[in-house]
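Chemist: Letter by letter, the chains look like this.
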Amino acid sequence: MTILDSKTEAWRSGAGASAFAMTSLRFLVTVVTTYLGLLAVTFFIGRVVPIDPALAIVGDRAPAHVVERVREELGLNLPLYQQFFIYVRQALTGDFGTSVLTTNPVMTDIRRVFPATIELATVGTLIGALLGVPLGVLAAVKRGSIADQIVRIIGLIGYSVPIFWLGLLALVFFYAKLKWVAYPGRIDIVYEYSFTPVTGFYLLDAAMQRQWDVLWDLFRHIILPGSLLGYFSLAYISRMTRSFMLNELSQEYIVAARAKGLSETRIIWFHALRNAAVPLITVIALSYAGLLEGSVLTETIFSWPGLGLYITNSLQNADMNAVLGGTMIIGAVFIGINLLSDVLYHILDPRTRSR
Amino acid sequence: MSEIEMKSTTPTLREWLLSDKPESRRQARLGRLYIIWRRFSENRLAVAGLAILIGLVFVAAFADVLAPHSPVQGDLRYSRLLPPGTAGYLLGTDDQGRDILSRLLYGSRLTLLVVFLVAIIAAPVGLIVGTVSGYAGGWVDAILMRLTDIFLAFPKLVLALALVAALGPGIENAILAIAVTSWPPYARIARAETMTFRNSDYIAAVKLMGASPFRIVLFHIMPLCISSLIVRVTLDMAGIILTAAGLGFLGLGAQPPLPEWGAMIASGRRFILDQWWVAAMPGFAILIVSLGFNLLGDGLRDALDPKEAGQ
Amino acid sequence: MTPPLLDVQNLRVTYPTRTGLVEAVRSVSFTLGKERLGIVGESGSGKSQTGRAIMGLTPKQARVSADRLTFGESDLLSISGRQRRSLRGKKIAMILQDPKYSLNPVMTIGRQIVETLLTHEPISKAEARERALEMLNAVQIHEPERMFDLYPHEVSGGMGQRAMIAMMLVCGPELLIADEPTSALDVTVQLDVLGILDKLVSERGMGLIFISHDLRLVSSFCDRVVVMYAGRVVEELAASRLSEAQHPYTQGLLNCLPQINGDRHPLPTLKRQAEWAL
Numbered sequence: 001m002t003i004l005d006s007k008t009e010a011w012r013s014g015a016g017a018s019a020f021a022m023t024s025l026r027f028l029v030t031v032v033t034t035y036l037g038l039l040a041v042t043f044f045i046g047r048v049v050p051i052d053p054a055l056a057i058v059g060d061r062a063p064a065h066v067v068e069r070v071r072e073e074l075g076l077n078l079p080l081y082q083q084f085f086i087y088v089r090q091a092l093t094g095d096f097g098t099s100v101l102t103t104n105p106v107m108t109d110i111r112r113v114f115p116a117t118i119e120l121a122t123v124g125t126l127i128g129a130l131l132g133v134p135l136g137v138l139a140a141v142k143r144g145s146i147a148d149q150i151v152r153i154i155g156l157i158g159y160s161v162p163i164f165w166l167g168l169l170a171l172v173f174f175y176a177k178l179k180w181v182a183y184p185g186r187i188d189i190v191y192e193y194s195f196t197p198v199t200g201f202y203l204l205d206a207a208m209q210r211q212w213d214v215l216w217d218l219f220r221h222i223i224l225p226g227s228l229l230g231y232f233s234l235a236y237i238s239r240m241t242r243s244f245m246l247n248e249l250s251q252e253y254i255v256a257a258r259a260k261g262l263s264e265t266r267i268i269w270f271h272a273l274r275n276a277a278v279p280l281i282t283v284i285a286l287s288y289a290g291l292l293e294g295s296v297l298t299e300t301i302f303s304w305p306g307l308g309l310y311i312t313n314s315l316q317n318a319d320m321n322a323v324l325g326g327t328m329i330i331g332a333v334f335i336g337i338n339l340l341s342d343v344l345y346h347i348l349d350p351r352t353r354s355r
Numbered sequence: 001m002s003e004i005e006m007k008s009t010t011p012t013l014r015e016w017l018l019s020d021k022p023e024s025r026r027q028a029r030l031g032r033l034y035i036i037w038r039r040f041s042e043n044r045l046a047v048a049g050l051a052i053l054i055g056l057v058f059v060a061a062f063a064d065v066l067a068p069h070s071p072v073q074g075d076l077r078y079s080r081l082l083p084p085g086t087a088g089y090l091l092g093t094d095d096q097g098r099d100i101l102s103r104l105l106y107g108s109r110l111t112l113l114v115v116f117l118v119a120i121i122a123a124p125v126g127l128i129v130g131t132v133s134g135y136a137g138g139w140v141d142a143i144l145m146r147l148t149d150i151f152l153a154f155p156k157l158v159l160a161l162a163l164v165a166a167l168g169p170g171i172e173n174a175i176l177a178i179a180v181t182s183w184p185p186y187a188r189i190a191r192a193e194t195m196t197f198r199n200s201d202y203i204a205a206v207k208l209m210g211a212s213p214f215r216i217v218l219f220h221i222m223p224l225c226i227s228s229l230i231v232r233v234t235l236d237m238a239g240i241i242l243t244a245a246g247l248g249f250l251g252l253g254a255q256p257p258l259p260e261w262g263a264m265i266a267s268g269r270r271f272i273l274d275q276w277w278v279a280a281m282p283g284f285a286i287l288i289v290s291l292g293f294n295l296l297g298d299g300l301r302d303a304l305d306p307k308e309a310g311q
Numbered sequence: 001m002t003p004p005l006l007d008v009q010n011l012r013v014t015y016p017t018r019t020g021l022v023e024a025v026r027s028v029s030f031t032l033g034k035e036r037l038g039i040v041g042e043s044g045s046g047k048s049q050t051g052r053a054i055m056g057l058t059p060k061q062a063r064v065s066a067d068r069l070t071f072g073e074s075d076l077l078s079i080s081g082r083q084r085r086s087l088r089g090k091k092i093a094m095i096l097q098d099p100k101y102s103l104n105p106v107m108t109i110g111r112q113i114v115e116t117l118l119t120h121e122p123i124s125k126a127e128a129r130e131r132a133l134e135m136l137n138a139v140q141i142h143e144p145e146r147m148f149d150l151y152p153h154e155v156s157g158g159m160g161q162r163a164m165i166a167m168m169l170v171c172g173p174e175l176l177i178a179d180e181p182t183s184a185l186d187v188t189v190q191l192d193v194l195g196i197l198d199k200l201v202s203e204r205g206m207g208l209i210f211i212s213h214d215l216r217l218v219s220s221f222c223d224r225v226v227v228m229y230a231g232r233v234v235e236e237l238a239a240s241r242l243s244e245a246q247h248p249y250t251q252g253l254l255n256c257l258p259q260i261n262g263d264r265h266p267l268p269t270l271k272r273q274a275e276w277a278l
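Protein chains in written order, with the numbering used here: chain A, 1 to 355; chain B, 1 to 311; chain C, 1 to 278.
If you're looking for bench data, these hints aren't it; they were derived computationally from the structure. Computed from a prediction, not measured in an experiment: that's the story for all the values here. Quick reminder that beta carbons are idealized off the backbone N, C-alpha and C, glycines included. Hints should not be assumed to be uniformly reliable.
Unchecked claim - In silico BS3-like pairs for lysine-lysine, Cα to Cα no more than 30 Å straight-line:
id: 1; chain 1: C; residue 1: K34; chain 2: C; residue 2: K91
id: 2; chain 1: A; residue 1: K142; chain 2: C; residue 2: K60
id: 3; chain 1: A; residue 1: K142; chain 2: C; residue 2: K100
id: 4; chain 1: C; residue 1: K91; chain 2: C; residue 2: K199
id: 5; chain 1: C; residue 1: K91; chain 2: C; residue 2: K60
id: 6; chain 1: A; residue 1: K142; chain 2: C; residue 2: K34
id: 7; chain 1: C; residue 1: K90; chain 2: C; residue 2: K100
id: 8; chain 1: C; residue 1: K90; chain 2: C; residue 2: K125
id: 9; chain 1: C; residue 1: K91; chain 2: C; residue 2: K125
id: 10; chain 1: C; residue 1: K90; chain 2: C; residue 2: K34
id: 11; chain 1: C; residue 1: K90; chain 2: C; residue 2: K60
id: 12; chain 1: B; residue 1: K21; chain 2: C; residue 2: K199
What the hints assert, rightly or not - Pairwise CB distance ranges (calculated):
id: 13; chain 1: B; residue 1: V206; chain 2: A; residue 2: Q90; range: 34 to 44 Å
id: 14; chain 1: B; residue 1: I230; chain 2: C; residue 2: E130; range: 56 to 66 Å
id: 15; chain 1: B; residue 1: P256; chain 2: A; residue 2: D52; range: 36 to 46 Å
id: 16; chain 1: C; residue 1: T19; chain 2: B; residue 2: I230; range: 24 to 34 Å
id: 17; chain 1: A; residue 1: V32; chain 2: B; residue 2: A204; range: 46 to 56 Å
Bound conformation, chain A alone:
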């Protein structure tokens, strides 16, 4: 009795509270230093690596006065650390410079295109999770069987195949040959001007406005790239699910659960998966981040007007501001999801939750 009391008392009183404060502080330091690191790296790539950063931005065919002006704007005559300060300040206010190609501020361009990428990545991760988790559970439960082998092969191919190549082949097969899906792009020209996006997430917007024909068209456009990304997500998620489940199923509490007389189904889904769910949620978050990153390769194939296509177009046109701006945004979101998944893990695992 006293053992229990003293333990919980120590937990709830000072010891617990200050431990929580310490971890929060440590987390904050991690967040700040990681983002500073990202800014430092993009600064380095943008300003230090090129021989003449101003030329890198405007291109080598720009007239001399334009180059001079950009040089002033960038403050290239200032010492490096001062440049970095300015850079960080600009980044925090969302000023990534101006795109040479579109002459808009890069941030405006990004705000326009980013929702498309998010929408695609969301669809992909949903498919990956909804299919990947059950497949992984199946593979773990029927370890060594044909089902297990098949799931593992699916995963193995997903890890080994270049996504852009598979996308290309899928496009040829499902669009050109079978005509099951729509022309590459996000929405048909027919609807493009009659449809008003509100949130930027077209699927959501069409549903909210009850424009079902538009919704169907959007679906026909997103299904192929979404499934492609979904496949990659599935390969990763199913493999990790299988691994986590195998780990859980070999634990003693599973033996105890069987000793209680519980059915195998209940043990798999309510005991083993319940425990595996904690790291699994992190895995799903990481898969999402990975799909966002992979957008630079996949959006070109499907003419998907997202951030990936924006970056690759800017790349072809040597628009360094846009490339770096896009890199920074993807990097920031990527890091954010990573950090968030750490937090999520802590919240979900009762062992690390502070009461």
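Fit chains B and C to the known structure of chain A by using the hints.
Modeler: Below, chains B and C without anything else, positioned relative to chain A:
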């Protein structure tokens, strides 16, 4: 009678390797390698992976002999966009009349180059950072690990892309960019291993003999980290090949007319509808090599640590 | 004549491995009524495997065979998997060694106890909660409501083991197999938990199989003792007559127990004979 006695006491090679009283360090080492090899070779998929990679090295080495045509010079007049199976062009030709098979064979050299150089650059960097960090401890550890964690949190492809964009397209820059984004996991692994061994009696003994920290880390700790690193590097190779192909696809890798597989897919994209083989064939090559590395890496991991294999 | 609670004849448990078949349990036989039987042995003697084989909890690749394996009227070998499962938790229960690992980390203790009840008895959730709280009381946990909502990692070892006992006995089984129930606990806590086990087993008139490596513990707790070595039963005798042990292994174990008045020099060692493993 003495002859019969002699015969029964000379061990076979296998017995010698598996003996539990090895008489030399060499024998002990070879014995261990033999056991690992036995475990590895029971896994057929792993052996297949190894075969694929040996095939890759073979093809790269003997491309001059194996390739029927030049990879960079094509017959623009008569041989443009021929389908696979045409006489003399096993996998067809591309839009510049170049034989795709020859291009793939020579392209294997580029793939191997990327794999080799990235491993040579990233693994030692990670090893050094990790072992120094793990052995030194204190604020050195804290700073190095913070640095590693920061790099670990970055999106690798996108950063490599930006770096190559700034450096200018080219295969050396692509290799550098990929290496720069690949080293953090190795540092983590090396550090974890170092911290396990740091307080062992074995290291304490070497310290007592007067070895300097430099010597301890270099000659005693690093070798212990090697096997985990090898497994991880092999497993990462598939991803590195895919990243390199991605960069090539975006035009950031080896420049034309070099037969880089990713770039070949990009240039074949225009003809994908009617001449699908121009873009399809290089992808198969990438798939096979990547698969090989994955199978090999999985097999190595299972052979070196049977617990992972679920024995 | 009523059948014994448990009748085990020629039980064998074999595992196929890469290097051939390994027999973990070789021809173990005993019968059990409403009494306490201790199974003593070192690691690898097959004592745990015997317990698990009786429960039907051996790993998938194990092959279990016996001439007879009956629990009361039921023939454990021939009944269906479903029937076997319905016996577990309800009629035959098992408690495991370390509550740190044998309790589900993401479920509260109360829910885990309620789960056993709801699996076997068609009662309401509220009633199940009541009975769970009663059971927690029975294992001498003084604030059952508080304990009900705690997670396993939030309680000490002794508390956890009590929770495990509550979880497994809540349906009122007739036979309890305790696999090293106190080996993971501190010595002082061991006595507490043993006391609780003692009380519950006596009160409910249960049969008990107590598996342990500790000969002295088993001899003080049980009526009969079975000594296992290398998968076989080498000795079976009443706990009170332990000093009359015949088999040299048992004698060796007894000799190793220090006597407070006895001469300690030279310290006796156990000299294993190859023929014990046959």
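Chemist: State for each hint whether it applies.
Modeler: Here is how each hint holds up against the structure:
1. Restraint check: the Cα-Cα separation between K34 of chain C and K91 of chain C comes to about 13 Å, which is no more than 30 Å; the hinted pair holds.
2. Taking the CA atoms of K142 of chain A and K60 of chain C, the gap is near 11 Å; set against the 30 Å cutoff, the hint holds.
3. Restraint check for K142 of chain A and K100 of chain C: satisfied, since their Cα atoms lie roughly 27 Å apart, inside the 30 Å limit.
4. Restraint check for K91 of chain C and K199 of chain C: the C-alpha separation of about 18 Å stays at or below 30 Å, so the hint holds.
5. Restraint check for K91 of chain C and K60 of chain C: satisfied, since their Cα atoms lie roughly 23 Å apart, inside the 30 Å limit.
6. Note on K142 of chain A and K34 of chain C: the hinted pairing is violated, with a Cα-Cα distance of about 40 Å set against a maximum of 30 Å.
7. For a cut-off of 30 Å, the pair hint linking K90 of chain C to K100 of chain C stands: about 24 Å separates their Cα positions.
8. For a cut-off of 30 Å, the pair hint linking K90 of chain C to K125 of chain C stands: about 18 Å separates their Cα positions.
9. Among the hinted pairs, K91 of chain C with K125 of chain C is consistent with the structure: their alpha-carbon atoms are about 21 Å apart, no more than 30 Å.
10. The straight-line distance between the Cα atoms of K90 of chain C and K34 of chain C is roughly 17 Å, inside the 30 Å bound, and the hint therefore holds.
11. A hinted pair counts as satisfied when its Cα atoms are at most 30 Å apart, and K90 of chain C with K60 of chain C qualifies at roughly 23 Å.
12. For a cut-off of 30 Å, the pair hint linking K21 of chain B to K199 of chain C is broken: about 55 Å separates their Cα positions.
13. For V206 of chain B and Q90 of chain A, the hinted distance range of 34 to 44 Å is not satisfied, since their beta carbons lie about 53 Å from each other.
14. In this structure the supplied range 56 to 66 Å holds for I230 of chain B paired with E130 of chain C, their Cβ-Cβ distance being about 59 Å.
15. Range check, P256 of chain B to D52 of chain A: about 26 Å between beta-carbon atoms, so the 36 to 46 Å window is missed.
16. Under the hint 24 to 34 Å, the C-beta atoms of T19 of chain C and I230 of chain B, about 28 Å apart, fit the expected range.
17. At about 39 Å, the beta-carbon gap between V32 of chain A and A204 of chain B misses the expected band of 46 to 56 Å.
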